[in-house]
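Undergrad: Given next are the chains, with one letter for each unit.
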Amino acid sequence: SQQGEEDPQALSIQEGENATMNCSYKTSINNLQWYRQNSGRGLVHLILIRSNEREKHSGRLRVTLDTSKKSSSLLITASRAADTASYFCATDTGNQFYFGTGTSLTVIP
Amino acid sequence: GAVVSQHPSRVICKSGTSVKIECRSLDFQATTMFWYRQFPKKSLMLMATSNEGSKATYEQGVEKDKFLINHASLTLSTLTVTSAHPEDSSFYICSARDPLGSRVGGYTFGSGTRLTVV
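Protein chains in written order, with our numbering: chain A, 1 to 109; chain B, 1 to 118.
So that you can see chain B by itself, here it is in the shape it has in the complex (with noise of 0.2 angstroms):
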């Protein structure tokens, strides 16, 4: 139990586009998700906390309007770069709160998404 889909797993676009990426809770309710920057080679940085039905919480320094983040319902979180640059590549990765805690650690993990933006 306790699983988060994340896709696409890779995408590259093309500058001025936008990319969508999905984070879906699949067997539980996560009212809070979580997205995550992971630059090469170093660590995973909280970019906006995600909670259901309200507005994302945006770490500072990110971009709210860059970094579109929707949670319209319990199973499903977006992220969208919008306006895309070659400096927003990047590995992104979500994470969903299991409030049931059947996942140890009570967070699950998507498989993350590999933006290169050319």
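With the rest of the complex left out, here is chain A (with noise of 0.2 angstroms):
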């Protein structure tokens, strides 16, 4: 499989702690982006690195990309209960779109 994989699967913290989460993935790519799925419901798209980029930031979210070691970083600052939610990321190899295996992130009020 070509999927990759994230690591924790599972992450708790309380609210106004940083959340760290991290893909490996297996093959060259064009870029790599992360994405949000709250419980049972849609995708939404969060940022996208290309594989010329090393960092990248938006909002209270930064993501690393390191294309020697095939991982990324996606990095959630100050975090908030509304955070809650599956993050996965996703490789576009230009030919298919891989999600990551996902990490499940928990924001305690």
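The hints are simulated quantities; they were obtained by calculation from the structure and are not laboratory data. All clues stand as given, with none of them false.
According to the in silico footprint, chain A covers these stretches of chain B (three or more CB under 8 angstroms from chain A): (1) 36-42; (2) 45-51.
Pulled a few chain B residues facing chain A out of the computed Cβ check, cut under 8 angstroms: (3) S95; (4) Y107; (5) F109; (6) S111; (7) G112.
Quick caveat, the model's predicted, so the values are computed rather than measured. Glycine included, every Cβ here is placed at the ideal spot set by N, Cα and C.
These two chains come separately, so use the hints to put the complex back together.
TA: Shown next, in the form of structure tokens:
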């Protein structure tokens, strides 16, 4: 399977703390994207980082990409209860679009 | 722009029957569409890549005869679950590649279909 792997599988933190999720993948990519999914709902696109970029910011989100290690991380700063959701990385190889295994984040008020 | 409509959103069918799920790109032409399956509390597993006018490319382990994909036009791809069984119950999501990149990321997702086979 080309699916990427994320860790941790589950993460529980207090409101206000930072949350970090990691994603590892297997093949060369054009870009890597992070999505969020609330339970039983559709996907929400969070951020895209291209293969020639190393770091990107969007609001409280910070994404890094290390193509030599085939890994990426998503940092959510100053977490809120509303950030509780599942987070998936997804890799665009140009031909296919694969999702990682996901991290379930719970932010405790 | 770049909206993908997936229909139906929910379907319940009896074992042994077939179910068709449609995925339409409403305001753009999608030469490539993707079909995913998601089990509860799990990630999206790519089932197949659908290219307009040609046969779908299935991922390893996905039964071609079980999950029939047709991409007969630039705006419509269909997934038919044939002779459905309870283990086929799942959440199915389609995605279309937006060649003009009007959506960030270049991919637009349908809202998904919850299939329950009884």
